[in-house]
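Novice: Protein chains in written order, with full-length UniProt numbering: chain G, 1 to 230; chain B, 1 to 289; chain X, 1 to 237.
Keep in mind the hints are simulated off the structure, nothing from the lab.
The structure displayed is predicted, hence computed values, not measured ones.
Check the hints yourself; a few may be wrong.
Derived pair list, reagent style DMTMM-like, types lysine to aspartate or glutamate, alpha-carbon separation capped at 25 angstroms [stated by the list, open to error]: (1) B:K203 x B:E285; (2) B:K230 x X:D129; (3) G:K69 x B:D42; (4) B:K20 x X:D202; (5) X:K64 x X:D8; (6) X:K230 x B:D31; (7) B:K203 x B:D35; (8) G:K71 x G:E41; (9) B:K203 x X:D202; (10) G:K175 x X:D8; (11) G:K71 x X:D202; (12) X:K229 x B:D42; (13) B:K53 x G:E220; (14) B:K288 x B:D42; (15) X:K94 x G:E220; (16) G:K97 x B:D179; (17) G:K97 x B:E180; (18) B:K185 x B:D267.
As a plain string of letters, each chain reads:
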Amino acid sequence: MELDAKIGVLNNAGGSSEVSLNGIKVVCGINGPMEARPRQELPTTCYLEVIIRPAIGNPTVREKYMEDKIKNFLNSVIIGNLYPRQVIQVNLQILEKKNNNSSYTSDSDESAATEDVLLELNCCINSAFLALVDANISIYKAFNSNIFTYTHKGSLVKDGLSEAKSRHLVVYGIKNNKVDELLYGENVGRFSEKKLFMALERGEKESMILHSKLKELSVESVKQKFVYLS
Amino acid sequence: MVKLAGLSLNEQEFLTDSLKQGIRSDGRSLDQFRDVEITLGDQPGYVDVRLGKTRVAVRVSGSITKPYEDRPFEGIFTISTEIGPIAGAFFENGRPSDEEVLVSRLIEKAIKRSGALDVEGLCIVAGDKCWNIRADIHFMDFDGGFIDASCIGVITALQHFSRPEVTVSGEQVVVYSTDEREPVKLSILHVPICVTFALFNPKEKEENIKGGADGNEEAGEFAIVDATMKEEGLSNGTLTITMNKNKEICQISKSGGLPAEGLMVMDCANKAYGIVEKLTDQIKEVLKQ
Amino acid sequence: MSIIIPGDQLPVDETTLNSKKLTVGPSIYVDPLLDNQMTISNAGIFTHKEKKTKQLITVESSSKNYIPAVGDLIVGTVLGGFGEFFKVSLSNYKPPAILSYMAFENATKKNRPNLKTGSLVYARISAYDPNIDVELECFNPTTGKAEGFGELTGGTVVEVDLGFARYLMFNENNPVLEHLSKKCQFEIAIGVNGKVWIKGGDLVTTLACCQYIEQAQRLASGELEQLLKKLWKQHNI
């Protein structure tokens, strides 16, 4: 499904974005860098606080898991030593998610829940990139996230929401307009080593394509910010 | 500590003086509600409400569960009102702020306790299975008016939502997916709308110790409709009136703050009715599409 | 306008950069661990200025997050008096800055400046280090005179994007204030921390000026006159 994104959607947040991808909609609001509480202060770098709120219900261990993954990966991308003893707060609110029509009982299907995590992470990471650029927080490189699915027949499909043999979330960094390093990867299902590398390779190509789209949006947003110069 | 520095004295004086002259910083009159923008999501039960800079999203979902022991013939209806720091850095994560507690109580009174949603209609098998309808309010941007925006959001989302059709044969319950049978709308008995007033009395601050009027008939108490964050911060008290189009008052809440004249409360109720009428019609229009 | 975002390549090649003495502006990160390699770290407008013996590359970014620098002129809110100094807030959610009682013209141990909690001050940043509190002063360090620094009375404050605040401050004949000066008389103090203090003749004029500045951020210079006309008509001035 096509990516639909808006930048600068919230007023109180320093930087924000709203991204719709694969039926999932996420709003990201970034606050900071701001004063840290004593227990959060780190002497030489910034403290990153990631808060994810689900579409339905209260945050659970599932959201904590996603917060942890995103925090680890953002720590390697944000230039922390420019903001010592300060806090950067990344808030992600999941507004719409894939409709789980099959179950109406309180506990849903386990594998469906894990796959949903990848789809939601995918949307969250792309949303976080646009919001970080909007918030003017210094980052080492651009990044974006893509999802690939291996069907039961063995073909590799981008996105792919139906039943899958394995699903792969791939996040690449972009430096000097080229795909740089793999920043984060998460894989669910059964797959061979060869299949994994094929997915990563495909990820490199798709990452460049997605980056040009995100870049277009960011450039447009910067133009809007400086419209008074024209 | 993550705290707002607060408005400077200059700004406070400026805002209060403007309000005394009947002028508001966004050009509205004292009795004017902000324009409300209601957007329905693709999935049933999702509504996005914008009230000026304030933005709130509501998602209604349903699941089947066992009813409460002491109410076997009723379904369950819960409203979640957690405000996170995405709405503003002054909201702490995990800790209920004053604003959150207020919104939670008021929305509960306005929608749940006023019986807007027919919970008896949610029962499937008495004492065994019932629908658990859940409204999650996502507060995304704060500029005052959270109570009003959430109420509009929840009541619209409840009307927008539809649950799957269910048939009962003896002990067995069959749930039909949306492809098999048309989903069923919830039974909404009335549409309550909240209108919040912010109360001001600048004269209080200059009260003569001997008591009584000191000659100048300056602006005494007055109320403004739908305060923004800055206006709310300057107010001496708030009053929330929830009404429906049938001119019924569902709840009135005036928790502490400036003592208000009884006649002013009546006056506010009348003003609120005009706003409630307009908003109910607007919601109806939006749902028709 | 050459707009650049993180992940882009520097539009100037290595040889040109190495030819003269180079000054690197903000938003371009010079990595000490990677042999001073330069990366674009923030999105904004890229400029490369060359002179005979030196050159400058910089990216002008706009955001709401103010990072102090020595020499900046700011509008701050006094949070209170503590011992020998005032605590002044420059932006929300950041630690307050320190304004010593002695940092005023003609200050002595005996006459303390009279600033109440909540009053507005126009001050200059005298010292800044990321690891300690920001220090302010209310006089020009070279002349020792107040020159407009000190308490701002009346009027009100508009919050604007940092890029716009710099634009208003450093462009002497910018169209935004030019057009406004033709419509009415006003007093203005621009804080590079994104706060602009403005005071018109009366309440309604001040309000109209506030709305004008806030909305002018999002308009091209050609549309400013129309905005002024609309606002003046709306307030019946």
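Novice: Evaluate each hint against the coordinates.
Specialist: How the hints compare with the structure:
no. : hint            : in the structure
1   : B:K203 x B:E285 : violated (43 angstroms)
2   : B:K230 x X:D129 : violated (32 angstroms)
3   : G:K69 x B:D42   : violated (30 angstroms)
4   : B:K20 x X:D202  : holds (14 angstroms)
5   : X:K64 x X:D8    : holds (23 angstroms)
6   : X:K230 x B:D31  : holds (23 angstroms)
7   : B:K203 x B:D35  : violated (31 angstroms)
8   : G:K71 x G:E41   : holds (16 angstroms)
9   : B:K203 x X:D202 : holds (21 angstroms)
10  : G:K175 x X:D8   : holds (6 angstroms)
11  : G:K71 x X:D202  : violated (51 angstroms)
12  : X:K229 x B:D42  : violated (41 angstroms)
13  : B:K53 x G:E220  : holds (22 angstroms)
14  : B:K288 x B:D42  : holds (14 angstroms)
15  : X:K94 x G:E220  : violated (30 angstroms)
16  : G:K97 x B:D179  : holds (19 angstroms)
17  : G:K97 x B:E180  : holds (22 angstroms)
18  : B:K185 x B:D267 : violated (36 angstroms)
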